[in-house]
Each structure stands twice: as C-alpha cells, then as structure tokens.
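First to last, the sequence lines map onto chains Z and R. Remember, this note's numbering sits 6 above the position in the first sequence when you count from 1. Remember, this note's numbering sits 6 above the position in the second sequence when you count from 1.
Where hints are given, some of them may not hold.
When chains are identical, the list treats them as one kind, so a pair holds in a single copy or across two.
Here are the simulated PhoX-like pairs of lysine-lysine, each with C-alpha atoms no more than 25 Å apart in a straight line [to be verified]:
id: 1; residue 1: LYS123; residue 2: LYS109
id: 2; residue 1: LYS51; residue 2: LYS77
id: 3; residue 1: LYS109; residue 2: LYS120
id: 4; residue 1: LYS120; residue 2: LYS62
id: 5; residue 1: LYS62; residue 2: LYS123
id: 6; residue 1: LYS109; residue 2: LYS77
id: 7; residue 1: LYS62; residue 2: LYS51
id: 8; residue 1: LYS77; residue 2: LYS123
These aren't lab readings, by the way, just hints derived from the structure by calculation.
Number of protein chains: 2
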Amino acid sequence: MSVDGHIIAGGAGFIAQTLIRRLLLAGDSVLVIDNLSRGQEVFLKDFINSDRFDFKVADCSDESAVEVAIKSVRSPETFNRIWHLAANSDIPAGIANPGIDLKDTFLTTFALLKLAKARNIANFHFASSSAIYGDLGDRAVDEDIGPLRPISNYGAMKLASEAQIRAAVESFLPRADIFRFPNVIGVPATHGVIVDFVRKLKSTPDQLVVLGNGTQRKPYLHADDLVDAMIFIANTARDPFNVFNIGPRDQGVTVQFIAEAVRDRVAPHCEIVYGEGDRGWVGDVPRFKYSTDRIAALGWTPRLGSREAVVRAVDEVARQEGFG
Amino acid sequence: MSVDGHIIAGGAGFIAQTLIRRLLLAGDSVLVIDNLSRGQEVFLKDFINSDRFDFKVADCSDESAVEVAIKSVRSPETFNRIWHLAANSDIPAGIANPGIDLKDTFLTTFALLKLAKARNIANFHFASSSAIYGDLGDRAVDEDIGPLRPISNYGAMKLASEAQIRAAVESFLPRADIFRFPNVIGVPATHGVIVDFVRKLKSTPDQLVVLGNGTQRKPYLHADDLVDAMIFIANTARDPFNVFNIGPRDQGVTVQFIAEAVRDRVAPHCEIVYGEGDRGWVGDVPRFKYSTDRIAALGWTPRLGSREAVVRAVDEVARQEGFG
Chain Z
7 MSVDGHIIAG GAGFIAQTLI RRLLLAGDSV LVIDNLSRGQ EVFLKDFINS DRFDFKVADC
67 SDESAVEVAI KSVRSPETFN RIWHLAANSD IPAGIANPGI DLKDTFLTTF ALLKLAKARN
127 IANFHFASSS AIYGDLGDRA VDEDIGPLRP ISNYGAMKLA SEAQIRAAVE SFLPRADIFR
187 FPNVIGVPAT HGVIVDFVRK LKSTPDQLVV LGNGTQRKPY LHADDLVDAM IFIANTARDP
247 FNVFNIGPRD QGVTVQFIAE AVRDRVAPHC EIVYGEGDRG WVGDVPRFKY STDRIAALGW
307 TPRLGSREAV VRAVDEVARQ EGFG
Chain R
7 MSVDGHIIAG GAGFIAQTLI RRLLLAGDSV LVIDNLSRGQ EVFLKDFINS DRFDFKVADC
67 SDESAVEVAI KSVRSPETFN RIWHLAANSD IPAGIANPGI DLKDTFLTTF ALLKLAKARN
127 IANFHFASSS AIYGDLGDRA VDEDIGPLRP ISNYGAMKLA SEAQIRAAVE SFLPRADIFR
187 FPNVIGVPAT HGVIVDFVRK LKSTPDQLVV LGNGTQRKPY LHADDLVDAM IFIANTARDP
247 FNVFNIGPRD QGVTVQFIAE AVRDRVAPHC EIVYGEGDRG WVGDVPRFKY STDRIAALGW
307 TPRLGSREAV VRAVDEVARQ EGFG
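My request is simple: use the sequences and hints to build the entire structure.
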C-alpha cells in the first residue's frame, strides 16, 4: 500500500495507534480525525513530528467538520483510503443511552460514506465487530451465518453500519472491507476486562471481584495481530465487498483464565471472588465459537493464540498501569 | 386484541389504511402519527369521525414531537402497542439522498423505541422488508438466512432498524414482531409498478414502456392479506422477538405478467415496449425466492397468490386512477 493516503477516523484510539505506526513505516501519509471523546491525543505522540502525519480534532459524525479538517491539510486530494475506527466502545454506556451508539458508531459511518462519495475515495475499511452476531449458542460463527441478532446497541449500530456500507458498494463505492473484530487486547488499553482487573487490583490489592461466574469463554486477539490482518485484507482481498472475521484460531479463554493471569502478574496473593451467572452485563455474550476459516483461506493466521495474547497483554497493561 | 390502544406511526400511508380499519372494527383505539411527507390525510377520511380514532401530524423521527402528539389525546396512558409503518418508500430517492432513508426509515425506529421505553409500551410491531436480504440468487430466503447484504439504503435502514429493535428486546422491550414485507399491492396506491404502469397509460395510451426486459420475477401480496398476517402474528406468536417473512406461497410473477394485466384492464390495444437487463433500477433485486414456511407453520396462509393479487390490485388501481 505504498504512496497511499489514509484518513483514520477515530484515529486517537487504542487500535489506531498500531495501525498508524504500520502505515507510516510503509511510507504512507496519515490523517487522523478524532473528537477525543474516548481517544487521547497522547496516543499520537510518537507520530506528531512526522511530516506524513496530521491530526485534526473533529467529530466524525459531522460531515462538514470532517471536510474542514481534510481541507486544512497540505494535500487533501491524495487520500484514497478511509479507515473507520470511530465508535462508542463502552457497551454498557450505549445500553443506558442508545443515542451514544447512534451518533458515535452509526452516524460516523453515515457521514464518512458521504465523504467517500463526495471526494471519490475508493476504499473504505470498516472496524465491525463480532457483536453483530448476537448469541448464537454453540454454532460456529462464520461470516455468512444467520440470523444476525445483536443484543447490544453497540452491535446493532455496527450491523447498521455494515448494511449502509453494503448499499454504498452497490451504488457508488468501489471497494469496502468489513473487519469483524473479536475482543482485542493490548496497549494503550483504555477499557476491557484486563485493564478493569488491573485497575481493581491497583485500588484493592487483596481481592479481585469478578462479574459473573468466570466461565464465560471468548476468543482474544492481540492488537498487533489484528492490525496485521486488516492490512493483509486491504492488500489481498479482491472483491468489491469483503467481510472477514478476524480472530485467533482457538476457541478462546475463560474470564477465570484472565483473572488468574492478572493475579499472577500483579498481585499473586490476592483472592479472586466470582459472582453468579454466565453474563457479565446486559449485552454481553457468554460464549462464542468464532470461525476464522475465511481469512485463513486468504493466507493469514495470527502469531498469538488467545492464551498467549492474554498473557502478553496482561504484562503490557500491568506496565502501563505502573506495575513495573 | 380487544381493548388495545394502538399508536400507528406512518399511519397515513397505504398499508396503514387497511390496518386501521381492522383495528377499529375490533373495537380498539387508534392514534395515527404521520408527518404527511408521503402519507395523505385523505386516506384517513373513513375513520376521522370515530371517537376511538385520533390523527396527529408529527414527524416520527422527532421523539418530543411524538410525545406532544400522544399527550394531546384523551387517554394517552392506554396505548400498549406501537405499529411502526413510517418509512421512505421511494427507494431510488433514498439512493440519490441517503439522508432520506436515514431520517424516515431508521431514525423513526430509534425515536419510537425511546418512546416505548419512556412510556412502558410493551409491544412493538415493525414493518420490515425483504429488501434486508439483498440479492441471494436462487437460494430460498428464509428468516434465518445469511449473509444479509441489502443493496439499497432503504434495505440497509430496515436492517438497521431490525438490529436496534433486537437490542431493545434484550435490554427493556418485552415484545417485538418483525414483519418482513414482500412487494405489497392494493389501494390506496401511491407508488410501485402497478400504479406506475396505469399512470403511464393514462398519459400515453398507445404504448407502455417498461424498465428492464420484463423477466424480473417477484412475489406480490395484497394489502388485505398482509394486514391479516400482521394481526395474526401479533395475536399468535409467543416469543419476545418474532421475525416472519410475509408473502404468498408461490414464487411470484414477472414484470411482463403485470404489464400485460395492466394493458388488458386499461388499454387493451397498447404496445408494450421492454428495455434491457433484468434490473429496473439501482437497488432493485431481479428475482426472489421467498420462504414463508415459518408463518405457514404458525397457521396462516394468504387468500390470494401473486397472480390473483396482481389481477385484483390492477383492477383496484385502475378504478382509483379513473378507469371506471
């Protein structure tokens, strides 16, 4: 993807940091647009001195604000790819107030598609989620499975975004990739089970209280592997509309495994106290068999399985939170 | 469904007229809310004198306007069902300007779900569409099929609405029905292939120019059958979240069949001139095998097949347009 110009919507977030590093290393130009509602400018500190990097504060659901941001950079006409990573990643917040998911997760998609049309940007790469599937029980979840029954507003607005992108491909957009993310871990960690556990132990080192009974099993992917897969798909897939599950090849690890990994790294003598039930919160899916056969057939496999990814991320997050 | 109170969003439209008639006959109360962007007040003239009927002009995507409308009727606390029929039914208009489908088809769903939550309205009945499926080729389309790849913004925003409703059922809504409509015909006709053909022949009686080559085959259902199915599902289905294809048991009729039925009824000596290709417009699906096994298993079958529905609707539309 050399000599590409990338707009990264939601580019001050966790996953974007790894993506930006890769794209700049490849010699490309990057414009990050982020409203800093959850993203943090400090995540961009390594890039800010690059003359191929720009950062503009704008709300990606506001098409005209995004247009102003684009026009303010040196060569706005060179952008040929939009990476849409903007979303409300706080699922319980979106259940309490669906307007958050509407604006941050769906209306961003809507505005960015209008931008792609207005600027003839041919490639749209979208961070979707396994949350679009809902609770499919013990079925192996491949990309073509039905029915799709998201149980959170977050998942609903990711599915809504996919639908709008699909329709855009039919009418004007030459190329779209849909990346269905699993649980992604790594640093800079801002939310999710690992950072929750580490921070709990930071304030109460003797006890780790876990929501649910710890038997929830989910696949985890490290952000480095995720970004590697995204770039691989962007370079390799050939259809106008490509949908890929991205995840480890295994069936994941339990919450108990994660709790114990955090305990072992951070507070070896703490007691782990489990709750009841196999769901941590409304909108949470207790188990998930994620099929990654399609991306494997395209030629990509992750370097880390769920166990290795968790152990590495626990160490990274512990360092981030001051456990040297 | 006796002693029910119904809010019908988009109630001044084509299908609502038949639904309102049925609900009032059953002794229920009905409040129609419509912004009259496509609905017509004249469609409500038979009901306006009933003391169990109210009509308020408000935009269903504007939650506070809807709330004002509800508060202005005699017993606003008696409503226990929302029928969401509000949508942009003009598919090409939505492809030219996706903002129309966003506001009229999706943001209406969003606002009406907030209303259901705020008012503890337990039943949400949603007019979805076969357009959520996209072009699945020769596969039989049942309710659980995947992948869902809508090719119009209309279909995308119907799918987005379904997703948001599904998430609402997970978090607060006791009951939702998703009705996936096929092509629905009957009167008062405002759009669609039959009224298009009749009006063309009204202005140029010698020639009927057809978009596409006439081989597109789709299932058609008469509005009377559709509304009968909707009420049947509302009374009979028992899950918190019910999804039903509604349609005839056959595989439909071709555009050619419809063109000839209109010719025979309206202008027997006209010439029919076909275009090229099997799609009439961007976002149109050329053929469709619609499975209605689920609703048949629930105990409902339509009175009219596609052929009978078309012949009857052609006669009704011809009368509506002045062909006595």
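Here is how each hint holds up against the structure:
{"no.": "1", "hint": "LYS123 <-> LYS109", "result": "both (20 Å within a copy, 19 Å between copies)"}
{"no.": "2", "hint": "LYS51 <-> LYS77", "result": "within (23 Å within a copy, 53 Å between copies)"}
{"no.": "3", "hint": "LYS109 <-> LYS120", "result": "both (15 Å within a copy, 15 Å between copies)"}
{"no.": "4", "hint": "LYS120 <-> LYS62", "result": "within (19 Å within a copy, 33 Å between copies)"}
{"no.": "5", "hint": "LYS62 <-> LYS123", "result": "within (21 Å within a copy, 37 Å between copies)"}
{"no.": "6", "hint": "LYS109 <-> LYS77", "result": "within (23 Å within a copy, 28 Å between copies)"}
{"no.": "7", "hint": "LYS62 <-> LYS51", "result": "within (14 Å within a copy, 55 Å between copies)"}
{"no.": "8", "hint": "LYS77 <-> LYS123", "result": "within (16 Å within a copy, 42 Å between copies)"}
In summary, this structure violates none of the numbered hints.
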